[in-house]
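Peer 1: Put together the whole structure using the sequences plus the hints.
Number of protein chains: 4
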Amino acid sequence: MGNDLLKGKRGIVFGALNDMSIAWKVAERAVEEGAIITLSNTPLAVRMGTTNELAEKLNAKLIPADATSVEDLEQVFAQSMEALGGKIDFVLHSIGMSPNVRKKRTYDDLDYDMLTATLDISAISFHKMLQVAKKMNAINEYGSVVALSYMAAQRTVFGYNDMADAKSILESIARSFGYIYGREHNVRVNTISQSPTVTTAGSGVKGMEGLLDFSERMSPLGNATAAECADYCVVMFSDLTRKVTMQNLYHDGGFSSMAMSYRAMEQYNKSFEDFRDENGKIIYG
Amino acid sequence: MGNDLLKGKRGIVFGALNDMSIAWKVAERAVEEGAIITLSNTPLAVRMGTTNELAEKLNAKLIPADATSVEDLEQVFAQSMEALGGKIDFVLHSIGMSPNVRKKRTYDDLDYDMLTATLDISAISFHKMLQVAKKMNAINEYGSVVALSYMAAQRTVFGYNDMADAKSILESIARSFGYIYGREHNVRVNTISQSPTVTTAGSGVKGMEGLLDFSERMSPLGNATAAECADYCVVMFSDLTRKVTMQNLYHDGGFSSMAMSYRAMEQYNKSFEDFRDENGKIIYG
Amino acid sequence: MGNDLLKGKRGIVFGALNDMSIAWKVAERAVEEGAIITLSNTPLAVRMGTTNELAEKLNAKLIPADATSVEDLEQVFAQSMEALGGKIDFVLHSIGMSPNVRKKRTYDDLDYDMLTATLDISAISFHKMLQVAKKMNAINEYGSVVALSYMAAQRTVFGYNDMADAKSILESIARSFGYIYGREHNVRVNTISQSPTVTTAGSGVKGMEGLLDFSERMSPLGNATAAECADYCVVMFSDLTRKVTMQNLYHDGGFSSMAMSYRAMEQYNKSFEDFRDENGKIIYG
Amino acid sequence: MGNDLLKGKRGIVFGALNDMSIAWKVAERAVEEGAIITLSNTPLAVRMGTTNELAEKLNAKLIPADATSVEDLEQVFAQSMEALGGKIDFVLHSIGMSPNVRKKRTYDDLDYDMLTATLDISAISFHKMLQVAKKMNAINEYGSVVALSYMAAQRTVFGYNDMADAKSILESIARSFGYIYGREHNVRVNTISQSPTVTTAGSGVKGMEGLLDFSERMSPLGNATAAECADYCVVMFSDLTRKVTMQNLYHDGGFSSMAMSYRAMEQYNKSFEDFRDENGKIIYG
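Residue numbers (the numbering used here), protein chains in the order written: chain A, 1 to 285; chain B, 1 to 285; chain C, 1 to 285; chain D, 1 to 285.
For identical chains, the list gives no copy identity; a pair is met inside one copy or between any two copies.
Cut-off 27 angstroms, straight-line C-alpha distance, at most; resulting in silico cross-link-like pairs (DSSO-like, lysine-lysine):
#1 Lys104 with Lys135
#2 Lys134 with Lys87
#3 Lys104 with Lys270
#4 Lys104 with Lys134
#5 Lys103 with Lys134
Keep in mind the hints are simulated off the structure, nothing from the lab.
Peer 2: So, in structure tokens, the structure goes:
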């Protein structure tokens, strides 16, 4: 029931694990808008998640690949072009993982091999994707590449740890490669900075629940959902945004432009309330 | 030949003067995407420009109004709702004018009455539009309001004069009102920061030609055209961007994320070439 | 007991009302660092506040003036140069007032004459100050001009109302005029974006107390005090920052670079605690 | 001839190679302001450069160390505290190198081992420095740590290559670690984004000469020199900036807030001039 916004377009969606994944929604919406796509995720994720179901449902080839491996990425682009019958028009990068977070290493006690892994998986994989695609000339003129980011790249969120650094370099890559891919092939490269979203990936982050509530009350439109993010991705893949590149686009119900909302302040102020009964007397328990 | 992105939606487009205007293109594209609209411009602009032709072509009511007048704006919303048969879904503010620029007053010799006029016409009119709409409850839930801006709001462009201040406050209004309109009616308010564009309005700016060339060479995708800007406005009016608010969205081929491109540098470097003949000898004339 | 950082320099400090004012601290610190200064405030403020005491204490001439009046500002610069025996080296603009806030007009119910007054008093006065100074050639080469701002210019703070728009244009003026004054006389123009500070001016802002607490817990170094702001102003007036211009400098203990701190989140989360006794049973009052 | 701004303070300066280095000037100025310091650089740099001369001149211990090695950094802090007789008050990180740039690998043909090295040397070394210092509790309360950055972290400069990504993560580290070090020990962490500067390090960058000229003409105050940068570092190390943290501070004569200056435009426009003789006739050679 789409609007044919991606009619005739070919895409690759990286990072759909299960139906909570933003990438999952993007894949569904892209097909709904007329695109044909392939899916890719790590072999481990393919075993652990339900990407196979999605592939079947969308009649999409699923290509297991390690996005930190140049060779694997070459395979993804080669097989995608073959399966879809031509060059690619859009790519979604929805990949992120921090071994430091997993192992509960705090940011002032990082393991540096793990940091290298965080950056490699969550950010440099994006550069590899772009470099491979460009070398293979695998993306059509006016194609569009999007990676998902988070505002921790600009402002510190406690507990987000080295993922903040990863998102920071991810957005830098979007600019640096966007310049080159744009000037040579008119390919756009952007990041979408999404509200905190309850996904399997996001659920590991410390204090997620309180953060989601705060974010919801701070944002005049509330947190953006995964489904709404998929809509925004469709828009960025379509021909209607052909001159938008090297941008980090906030998709967050307004959170990024807020310092303090009335609703969040009101809630915050409740934290100072004494426990009192209806006569205003303090209740000691 | 649109995609029905605005099917069933009602809009108001302020500021279409002639077929070079961005607002003109937005009006055309909005209708193409299934919207019904009204047009508004100042009585003077209506006489001087060709907005009437556009109104006729698009079968749109043209409502002359001074956007600095609260009463006039109330008329625009009232008549638009009547003409279109219901509340409004989207509004474009494409209004800007600086008497100081017109009168060639430089920024260190501003006339302060003229500055007040610049701000009133180019920015406060946007607040009035929003305040009037909200008081009349004239915009539907999940409606979308867009104003056109320019990156002089962030970075100084010589000769842009007090219009920089106007764009700066325009973007501030989008945030401040976006917060309120969002929390109460889920209405989004954004600005689009467009490439320098050859329009009747833009043509008065000092050194426009060189600036356009520089901007073109700096931007990996080149300057965004008025037609492309219209596409982007359509996207921002559509239901696909429902959680984007209080943002300033660069639509500029990447210019805003560039400090120096190879092409612009190469051109710049030509300025230092001596006048030499084919043997490398300097030519003195 | 200063460091002679402003030895031999002449300055003008606008906006010291009483000893809670940031401008008051700046005046004291500037003199402590070896400067000679004049003070200026509105005739009304001079009557209501204690600026006279400060003038006496610092042996500084107090020049009552309405900063929205070009003539008054000409007087301030003329009399200051005469009193101090030469051209001016630094200027502080610490002026802000919103009649809409005073009259409790909300941002979606602004009185537009009052808005014009807000902008005139809080922002355009800064342009007038700079234009007057430049026309009179009243500021020395490598002089420094600072205006105090607040991050509501970038991110919405509920209740800050039209002062957000005023701060936004204030910062724009710093850029636009900074460009011109810099290229022609090497005069720097910057704004300092200060933590919310308990001053007589700041105390009118809605929900100030909760905001101060939140801001304190969000900022790793806590809120910056008025005295600390004065130190930062001294630095910006000194010769050690000669190439810093057209900047908005956050002086806020880190707040501007935070999205969520552990301390603020912890406090926020307390707001959800049920009223329970020590056995975990809910207390109904 | 300083102002005793760093009287009694102990510092470590990383990255002084020769008298063109910014770090060299910072070391000199810090001592001039009353500090006692140690110097550190790689063993190779110590052999190739003239850091020894500086050490002798400033009576500063020189500690050769590889800043990518945690063990080496531990040695630097341990030996510095011993040599200086107490905990450290300020640290300068002025370290950057890209093997990809050296080997002329373009950004769309990066070698990924080299990219890892670029990030490790130019950015992660900063995290290691901070983590080591914090674990050793080697920095005094209210200490100050500064790293030198460049605006390619925000806006693409052709030819700056993977150093843009490195600066991007460097600034992210300043925020992320600044949050933690601030909340626990009131230590500030900031980056200074310096004008392009002719140093031995900077001289390898492609098209440096034209870029310097463009930058000079764009900046109302001209490019900031290494000596001026040293002044700014002194200010950031002093007690006068105690509430500034997690910031990226532009020290660039205004460049970062410019989109186009009159002088740069005028020069740019010359590039289009035909070669003509004094009678206006085109010269064909």
